[in-house]
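Positions 0 to 283 (numbering that gives the first Met the number 0) are the ones given, in order, by the sequence shown.
Don't read these hints as lab results, they were simulated from the structure. Watch out, some of these pointers could steer you wrong.
Straight-line Cα separation of at most 16 Å, EDC-like style, residue types lysine to aspartate or glutamate; simulated pairs [as the list claims (entries may be wrong)]:
#1 K80 <-> D139
#2 K166 <-> E255
#3 K21 <-> E255
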Amino acid sequence: MNILIALIPALGWGLNPLIISKIGGKPVNQTLGTGMGALVVGLVVQLLFRPSVDGWTFLLSALSGAFWVLGQIGQYTGYAKMGVSTTMPISTGVQLVGTSVIGVLIFGEWGGATAKLIGFAAIVLMIIGVAMTAITDSSDRRASLASGLTVLLPTTVGYWIYSALPKAVDASGVAIFFPQMLGMCLAAVVYALVASHGTAFKDATSWKNMLVGAIFGASALAYIFSAKANGVATAYVITQLSVVISTLGGMLILHEHKSHRELRWTLVGLVLIVAGSVMTALIG
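Generate coordinates for the entire structure from the input sequences, incorporating the hints supplied.
Here it is as structure tokens:
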């Protein structure tokens with residue numbers, strides 16, 4: 000049962016890019032729908048568990064959720080410009096590298112020379128893996144890749160801050176869950192008001208994409224329980240299956256084309272990214 004719980008976030012986060020691509024809409028519709036759907040799950044969790052947090056923890060958690068939206072905007076833009084099968088391994092790899100470095104520099108993780116050596120090797124593996132998944136033979140796809148990366152890479156800072164801020168507070172995952180979802184929704188609403196002048200609220204795709212937000216929220220909640228039942232390292236490692244699901248799904252379900260050479264490099268890159276993430280989890 001514990002392993003089944005651990006598989007929920009892997010499946011949810013892996014399938015979400017495929018579902019959102021099928022539903023369609025612009026990044027602003029996708030972001031707004033995701034934020035609203037996540038808030039619904041957050042409200043349900045708050046009513047069921049009724050955890051209490053102090054004001055400072057609530058604020059930092061909400062701010063964490065707001066920064067998640069920044070990263071998600073970049074990822075959704077990447078789907079539109081580069082496709083899911085290209086965006087996901089790059090985004091995941093850059094997230095893992097950034098959060099690992101922040102953990103070491105700010106929170107003192109990877110104590111000891113051996114841990115730092117293994118961690119550094121893991122980061123190198125993930126960087127090489129990201130580079131491999133970005134290899135393309137087509138000049139048109141190279142142009143799309145360059146265009147997508149100009150948005151994806153800077154906005155990944157949002158994911159880094161989203162992951163780092165909860166480490167600064169002393170509260171359980173369930174306690175900070177609602178304020179994080181609230182922060183996500185508020186930031187998504189502000190983005191929709193600015194980017195679409197409010198028209199995104201009238202688009203059907205915005206409301207349909209609430210399904211993606213609900214899946215994200217349910218997966219995040221399942222991860223909290225998985226970490227408690229299986230341990231953080233095991234729970235985290237299993238979630239890395241999500242990037243494999245989304246990348247392969249982009250090619251098989253969304254029919255995103257890759258040449259034999261691109262496919263070969265992508266698969267090798269995926270292996271390196273997952274291997275690096277496993278290494279960081281086991282020493283973390």
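Now the hints, each set against the structure:
no.: 1; hint: K80 <-> D139; result: 11 Å, holds
no.: 2; hint: K166 <-> E255; result: 37 Å, violated
no.: 3; hint: K21 <-> E255; result: 13 Å, holds
Checked against the numbered hints given earlier, this structure breaks only hint 2.
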